[in-house]
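Colleague: Once you've looked at the hints, dock chain B against the given chain A.
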Amino acid sequence: MVLVLALGDLHVPHRAADLPAKFKSMLVPGKIQHIICTGNLCIKEVHDYLKSLCPDLHITRGEYDEDARYPETKTLTIGLFKLGLCHGHQVVPWGDLDSLAMLQRQLDVDILVTGHTHQFKAYKHEGGVVINPGSATGAYSSITYDVNPSFVLMDIDGLRVVVYVYELIDGEVKVDKIDFKKTATMHA
Amino acid sequence: MLPDGGADDEERWLAEGIAGVQQNAFYMHRAVDSNNLKDALKYSAQMLSELRTSRLSPHKYYDLYMRAFDEMRKLEMFFREETRRGSCSVVDLYELVQHAGNVLPRLYLLCTVGSVYIKSKEAPAKDVLKDLVEMCRGIQHPLRGLFLRSYLSQISRDKLPDIGSEYEGDADSINDAVEFVLQNFIEMNKLWVRMQHQGPVREKEKRGKERNELRDLVGKNLHVLSQIEGVDLDMYKETVLPRILEQVVNCKDELAQFYLMDCIIQVFPDEYHLQTLETLLSAFPQLQPNVDIKTVLSQLMDRLSSYATTSPEVLPEFLQVEAFAKFSKAIGKVIEAQVDMPVVGAVTLYVSLLTFTLRVHPDRLDYVDQVLGACVKKLSGNAKLQDSRATKQIVALLSAPLEKYSDIVTALELSNYPRVMDYLDNSTTKVMALVIIQSITKNTACISTSDKIEALFDLIKGLIKDMDGAQDDELDDDDFKEEQSSVARLIHMLHNDDHEEMLKILCTVQKHILQGGPKRLPFTVPSLVFSALKLVRRLQGQDGDAIGEEVPATPKKIFQILHQTIEALSCVPSPELALRLYLLCAEAANDCDLEPVAYEFFTQAFILYEEEIADSKAQITAIHLIIGTLQRMNIFGVENRDTLTHKTTGYSAKLLKKPDQCRAVYACSHLFWTDDQDGIMDGERVLLCLKRALRIANAAQQMANVTRGNSGSVALFIEILNKYLYFFEKGIPEITNTVIQDLIELIRTEKQSDNSVADPSTEAFFASTLRYIEFQKQKGGSLSEKYEQIKTT
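Protein chains in written order, with numbering that gives the first Met the number 0: chain A, 0 to 187; chain B, 0 to 792.
Here chain A stands alone, though its shape is the one from the complex (with noise of 0.2 Å):
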């Protein structure tokens, strides 16, 4: 059993001040394996925080990211699953699923991890399955009204994977969660 945490477009501290103090308590170091994060957290700080909280760290570049460093894209292997992530400002239209899954073949992954819209999907089709954690602190977006705080984390094990979305809907912490397995056709 692997956990990964999958978070993004925070925008601390722009549009955000800072993770809800719920989400804060809930994700203590030592318990997750992975952080995959979208992009746009924006400063050092909240990048120094992701660290503490697991020291395997994957960032993509946000296109409010202070640091230039980040890689426009990234793929990783985490168990027998292949993911890809990206910010997702670059694929046009913005959060269209077919052009995502365009993406998804071109980094060859079973699981796409996306932001930029702010809102949370969990999407599968033959390809794999397409994710967006949406924003973990509910900040601000043009893309989506009424943007609730959120951030998925992803259970690996084997050929299957569990993702459990964390929604804060007025003050209170829904979970909700999705299952997908990989089917050994998915790479021939």
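No wet-lab data here; the hints were simulated from the structure.
Where hints are given, some of them may not hold.
[To be verified] With a Cα cut of at most 27 Å, we get these calculated DSSO-like pairs of lysine-lysine:
id, chain 1, residue 1, chain 2, residue 2
1, A, LYS21, B, LYS657
2, B, LYS778, B, LYS790
3, B, LYS403, A, LYS23
4, B, LYS480, A, LYS43
5, A, LYS120, B, LYS480
6, A, LYS73, B, LYS657
7, B, LYS776, A, LYS123
8, B, LYS460, A, LYS43
Modeller: Showing chain B alone in chain A's frame:
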């Protein structure tokens, strides 16, 4: 007082003294064991004679004394047995010991027998005690006298005629108990003070040190007084405190006064202090000028502050005795009297008083303000503070209300608060500003009126703009970033649900941050922009401007503010950031149906792109942001839309590197197609873009052939193929399955050509694209039909 000997000599004398004690004790024990009273007395007297020495320092004398003390306990037991046995009556024994040759051993023995006498109850305790305390006057040597009286105090402790004690005599014997202890105390203090004046002047410091070592002997008496059951508040008020204070004042000794005042405060209960506050405070001006009154006063206030927090029931007491008024007055007097008091001392006093006030009268903001005002008065006339300790105290002073009142708005109501801050030097002002901001963000309290925000910005002005004489160059880059990020965060805490008020807030914030200069704007402008955009969205939700209604808060008005604010970034300059913000505003204007406003924002963004963004990487990101934003616009009429898309595709084709051009151009294809029925669905122009992208990809391929000798990556073609598939599915008639098939063949050809370099990621991309086609064939319905003809093998 001590002969010039040196430490080694002292060690020797002590050793000799101890030997003497031990030796005589040995014989004394032998006498005791054989019930030989006479010998016991003889040897004990000899033993006690060791205490007649003048050669030891207080520390060493104490050592010797303790050994003798232990031996005397055994002797006392012997006396008790003897008197009980009847071999000698206690009265006779009392008489007998007075025959000892030297006065010091005589008195020690007398006290010891006195203890037995009291225990025997053959005489009232008060009589014996009175006799003993008088007799001890026989020793006027300070050190020896102190220890002798200390001995008396120790053995009499449990034998005082206290209320409820077995030695309580007739009525009012409590007075005798108190009188006894008071007497002993007074005499001990006199001896202690006398030590100061003995010996040469050059040894004054040494004497002070030695006196300090002995102070607890004197203080013990006060402790005993506090433990006497019968000393209730009335007795304390009428007798005990006045007598003690009398001695303290009259002894005119700096060391004693400081120690004893502190002792009184430590030893007696807080309720007593509260009820005798007037008396206690009136003693201060009577003390010697060099006594550190402020420390004692601070101690007193701190103790009473703690007392106030123990339970709410005690608070009314404070009000009843008008504690605050008394303290303020007392402090005022002290500061006035001690003109040379350094600033740090005065401020420390005010910190104590403020802590006291916050605990005892938290609801009395006027008191809190008063304290701050008094502090300002003391500080006025001085330039900004240089003393770091004083500065620290001021920070403590200012932080106290913040901690107490978790709502910053309360602190903002203290009129003297900003005035105190004015006396801080620039860097401390900034430190304090950060403390204030932290307090706000920690308590997640919103500040919701523009006048409060105005006051707040006045307090944190050190962070908002360059202060006169500020050396900003000294500040570390990282520190500066942290500072400004704090300010950025703060802006999010400034909020009001009422739109008019919120607009005022935005204007206030804008006014202040625009004074920040090029270094600060990149941090603060974005926060303000997003705050404003949130307001726009809230206004959007309501039915817009009704004609005839005077509604100042309109999206249009806010866009004006936004425009102004983002424009300020040109002085930094920060074109990339400004471009992003303009695009966001364009989107927001789009959602508000304000076509001209949206167009204007795009214009500004394009100007920045053309004139200010020269870096190729920056251009690529910028162009994709422009494309992405423009793609979502539904407000533009045909003309405006055409102008903007034309410009955008133009920029895309002019990017430096061919692959980047290609990608930007095929991204532009989405500008001509939205899934929205009312939106644009121009298949022809989509195709134009895709074909153009294909041409560029070809050119890129050829260039790579020429320059690198290999055919470069086929990736671009595969990407374009994917885009063709996208629009193929959308149903653009010009994109037939033949077109798709041709592209697939083209890619195959390119891959197999002699010059091509096999690239695993491109292979995988192609493979997954073909897999996708096969999937689509399985989907059924019109989709399957479309894909039916396409062969992937």
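Colleague: Please go over all the hints and tell whether each is borne out by the structure.
Modeller: Evaluated hints:
1. A distance of roughly 48 Å separates the Cα atoms of A:LYS21 and B:LYS657; the hinted pair therefore is violated under the 27 Å criterion.
2. For the suggested pair B:LYS778 and B:LYS790, the alpha carbons sit about 16 Å apart, so the restraint of at most 27 Å is met.
3. Note on B:LYS403 and A:LYS23: the hinted pairing holds, with a Cα-Cα distance of about 25 Å set against a maximum of 27 Å.
4. Of the supplied pair hints, the one linking B:LYS480 and A:LYS43 holds, its CA atoms being roughly 10 Å apart against a limit of 27 Å.
5. At roughly 34 Å between alpha-carbon atoms, A:LYS120 and B:LYS480 are farther apart than 27 Å, so this suggested pair is violated.
6. Pair hint A:LYS73 plus B:LYS657 holds up; C-alpha atoms about 23 Å apart against a cutoff of 27 Å.
7. Pair hint B:LYS776 plus A:LYS123 holds up; C-alpha atoms about 18 Å apart against a cutoff of 27 Å.
8. Pair hint B:LYS460 plus A:LYS43 holds up; C-alpha atoms about 25 Å apart against a cutoff of 27 Å.
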